[in-house]
Amino acid sequence: MIQNMNELTQAAEAARKQLNAYDCRILVCSGTGCIATGSNKIHQIFEQLVKDTPGVELVFSPCGGDHEGAAVGVKKTGCQGFCELGPLVRIQKGGKTVQYVKVQPEDCREIIEKSVLNDETIERLLYHKGETAYTSPDEIPFIAKQTRIVLENCGKFDAESLDEYLAAGGFEALKKALSMSRDEVIDEVDKSGLRGRGGGGFPAGRKWKQVARQAEAERYVVCNGDEGDPGAFMDGSVMEGDPFKLIEGMMIAGYAVRAENGYIYVRAEYPMSVARLWNAIHQLEDRGLLGDNILGTDFSFHMHINRGAGAFVCGEGSALTASIEGNRGMPRTKPPRTVEKGLWEKPTVLNNVETYANVPKIILAGADWFKSIGTAGSPGCKTFSLTGAIENTGLIEVPMGTTLREIIFDIGGGLKNGAEFKAVQIGGPSGGCLTEKHLDEPLDFDSVKKFNAIVGSGGMVVMSTDTCMVEVARFFMSFTQRESCGKCTPCREGTKRMLEILERIVKGNGKLEDLDTLEELATMIQTMALCGLGKSAPLPVLSTLSTFRDEYISHIVDKKCPAKQCTALRQFSIIPVLCKGCSKCSRKCPADAISGVLGKHFVIDPNKCIKCGACKDSCPFDAIYVED
Amino acid sequence: MLDESYYRKTDEIISRYVRDSRSLIPIMQDIQAEYRYLPPELLSYVAGQIGITEAKAYSVATFYENFSFEAKGKYVIKVCDGTACHVRHSTPVLNTLRNELGLSEKQHTTEDMMFTVETVSCLGACGLAPAIMVNEQVYPAMTPEKATALIEDLRRKG
Numbered sequence: 001m002i003q004n005m006n007e008l009t010q011a012a013e014a015a016r017k018q019l020n021a022y023d024c025r026i027l028v029c030s031g032t033g034c035i036a037t038g039s040n041k042i043h044q045i046f047e048q049l050v051k052d053t054p055g056v057e058l059v060f061s062p063c064g065g066d067h068e069g070a071a072v073g074v075k076k077t078g079c080q081g082f083c084e085l086g087p088l089v090r091i092q093k094g095g096k097t098v099q100y101v102k103v104q105p106e107d108c109r110e111i112i113e114k115s116v117l118n119d120e121t122i123e124r125l126l127y128h129k130g131e132t133a134y135t136s137p138d139e140i141p142f143i144a145k146q147t148r149i150v151l152e153n154c155g156k157f158d159a160e161s162l163d164e165y166l167a168a169g170g171f172e173a174l175k176k177a178l179s180m181s182r183d184e185v186i187d188e189v190d191k192s193g194l195r196g197r198g199g200g201g202f203p204a205g206r207k208w209k210q211v212a213r214q215a216e217a218e219r220y221v222v223c224n225g226d227e228g229d230p231g232a233f234m235d236g237s238v239m240e241g242d243p244f245k246l247i248e249g250m251m252i253a254g255y256a257v258r259a260e261n262g263y264i265y266v267r268a269e270y271p272m273s274v275a276r277l278w279n280a281i282h283q284l285e286d287r288g289l290l291g292d293n294i295l296g297t298d299f300s301f302h303m304h305i306n307r308g309a310g311a312f313v314c315g316e317g318s319a320l321t322a323s324i325e326g327n328r329g330m331p332r333t334k335p336p337r338t339v340e341k342g343l344w345e346k347p348t349v350l351n352n353v354e355t356y357a358n359v360p361k362i363i364l365a366g367a368d369w370f371k372s373i374g375t376a377g378s379p380g381c382k383t384f385s386l387t388g389a390i391e392n393t394g395l396i397e398v399p400m401g402t403t404l405r406e407i408i409f410d411i412g413g414g415l416k417n418g419a420e421f422k423a424v425q426i427g428g429p430s431g432g433c434l435t436e437k438h439l440d441e442p443l444d445f446d447s448v449k450k451f452n453a454i455v456g457s458g459g460m461v462v463m464s465t466d467t468c469m470v471e472v473a474r475f476f477m478s479f480t481q482r483e484s485c486g487k488c489t490p491c492r493e494g495t496k497r498m499l500e501i502l503e504r505i506v507k508g509n510g511k512l513e514d515l516d517t518l519e520e521l522a523t524m525i526q527t528m529a530l531c532g533l534g535k536s537a538p539l540p541v542l543s544t545l546s547t548f549r550d551e552y553i554s555h556i557v558d559k560k561c562p563a564k565q566c567t568a569l570r571q572f573s574i575i576p577v578l579c580k581g582c583s584k585c586s587r588k589c590p591a592d593a594i595s596g597v598l599g600k601h602f603v604i605d606p607n608k609c610i611k612c613g614a615c616k617d618s619c620p621f622d623a624i625y626v627e628d
Numbered sequence: 001m002l003d004e005s006y007y008r009k010t011d012e013i014i015s016r017y018v019r020d021s022r023s024l025i026p027i028m029q030d031i032q033a034e035y036r037y038l039p040p041e042l043l044s045y046v047a048g049q050i051g052i053t054e055a056k057a058y059s060v061a062t063f064y065e066n067f068s069f070e071a072k073g074k075y076v077i078k079v080c081d082g083t084a085c086h087v088r089h090s091t092p093v094l095n096t097l098r099n100e101l102g103l104s105e106k107q108h109t110t111e112d113m114m115f116t117v118e119t120v121s122c123l124g125a126c127g128l129a130p131a132i133m134v135n136e137q138v139y140p141a142m143t144p145e146k147a148t149a150l151i152e153d154l155r156r157k158g
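From first to last, the protein sequence lines are chains W and R. By the working numbering, the letter at position 484 of the first sequence is numbered 484, and the numbering carries on one by one without gaps. By the working numbering, the letter at position 103 of the second sequence is numbered 103, and the numbering carries on one by one without gaps.
Calculated directly from the structure, the hints in this document are not laboratory data. It cannot be assumed that every hint is accurate.
[To be verified] Here are the simulated lysine-lysine pairs, DSS-like style, with alpha carbons at most 27 angstroms apart:
| no. | chain 1 | residue 1 | chain 2 | residue 2 |
| --- | --- | --- | --- | --- |
| 1 | W | K51 | W | K102 |
| 2 | W | K416 | R | K146 |
| 3 | W | K346 | R | K56 |
Build the full structure now, drawing on both the sequences and the hints.
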């Protein structure tokens, strides 16, 4: 039990001593990405191998025991970031860290023999770029060019161990906060200029101040972990990778606004986040860091977890609190705002995962330190999930104000397979597309708004020239339409009508007037919808309409899809000189649309063709193409 | 009619929570985790037990996409159609799974109750798109060929 400030210092020292007593630590990435590529199996094999190897001993805490051989720890860490190259494994030994990528079960024995028992690195398992092989994770350009505050610990230690968090300075910030007055804590957060990382960018300190000055004595701290934007997994990675930091941030908020209960609302698709958070909460309760009279002060705090049930709209504040209360997750009209009447009609601080995870470092290092990073209007860093047609997909964190070019080309390594850059979609279904001309603009909350997009929660999907922007707009509209809760008419009916028009256009049945109707509907929904989901739903359409209007026009007027992606507009043909008459395509064709004589060239009947592309994929001679 | 064991299990689930409306969603989630769907009889039973109207329980259950009144297959396959998966061609994977299992946009579960195929908005495995999830396990970087092989694999396992 840690009952006072001194005991916390002692516990941290003991934990540090324990950590230093390891001769070697094998850190296996256990983020969702790496688990999908088999990292749990790798973890198991390492445990077994270490147990079976003479001269080493698998230990969970090396202090205090007699070890005949080297003390080795096999640990599961949070997301190490480089999801594309999983399973990722780090070997920490003698103050050095070696990063191995794409580790397969058959590699494990060699790693033990060469890198754990000896000091050899295995060249083939290192990350290679061009001619260079990188040994330390911090040298890999993908990681070296990032600045990590929220993700600082992710991938560096065991996400399931409170001791390791304490050893890394965990709960020092809470300790410091508890020695400050509540107003001083709020002032520090306010001065830091920390803005809500969930998308809105509302200053966190101001929100806390508003809650603190309410007359009502009962208050709540709620964390929005309902990361619903498709293409975003930053918050999930933080909950999985550094759950203690998130909870510490929430506790500091709880102390500041005099709340005794904190709720984390986690989306249903993140079972791993839920498991890691419960594990963290139980450990904190067992050690007395959650509960009554924390660290011997009058501050008491209890944590609760609510799992979402598959409704995107629950990412909206009033819908989220309604869902925790056990109701349909539908937004309500504001005011009163959540700070006045939130959860159970009580004053509530509602921030997202990344916002809370920034708090401990701000308290420890101070507002001035935080403001020295990022831009004047948007201090600090932002996490992004970098996905789509890009070489290095994964989880990144960069200072606000970093340009898209740095993110996509320096960190992301440019487009996959040398494809040509077309656009990057940021902000998910509430965001927009940025193009070539925006590549050198510094990215922060305010700058991006000017280009009809939002930073949003940080999903960043890179698109190459083979992506059809009209289809992307249709995709997002179908998403928001499906997720519209149906409470207000502009959103319920308006998104439906916009979707119908977009579906018509991608099928080649659009009319030029449709574009005006789209814009009219978009403006109407933006101004009249009840909540943020509706208000921002038209943004993907408006943003593609303003930047890629010619693509819309070619779908409508020429009945062509310039990216050759819209199924209904594709026209398949066989190039006679390349066709060997093997009949493979005609056998694959599900519509019997291809005919010919063996050994002579085959022909596609456009009237029968259902444009599925099965023939093109099956042709061994590349003789089938999509007409321009 | 459900047999007695369902109600006994439900009682056990209810006993983990406070008996009021705020426990409705977690109770329904636990029941669904147990039976892979939410038997309507149990929903009415839960409503009575925690002191809310049946109408209220029904309105909440039907609001959230995760709750299903229909029994699902032994293997619930969720095909991610998030942005990252979509631009990395998740649709052919979905179509292959449906063709392979004789399912469609309307019919999600095979008659032998082995497979259910659904789409989800995002699994959070965007770095490895396109991804699918079978029960709780995520399969990365899917292709139509891998999808076919996976189905064969699961069929063999039975």
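Checklist entry - Looking back at the hints listed earlier, which ones does the structure fail to meet? => result Nothing - there is no hint that the structure violates, so all of them hold.
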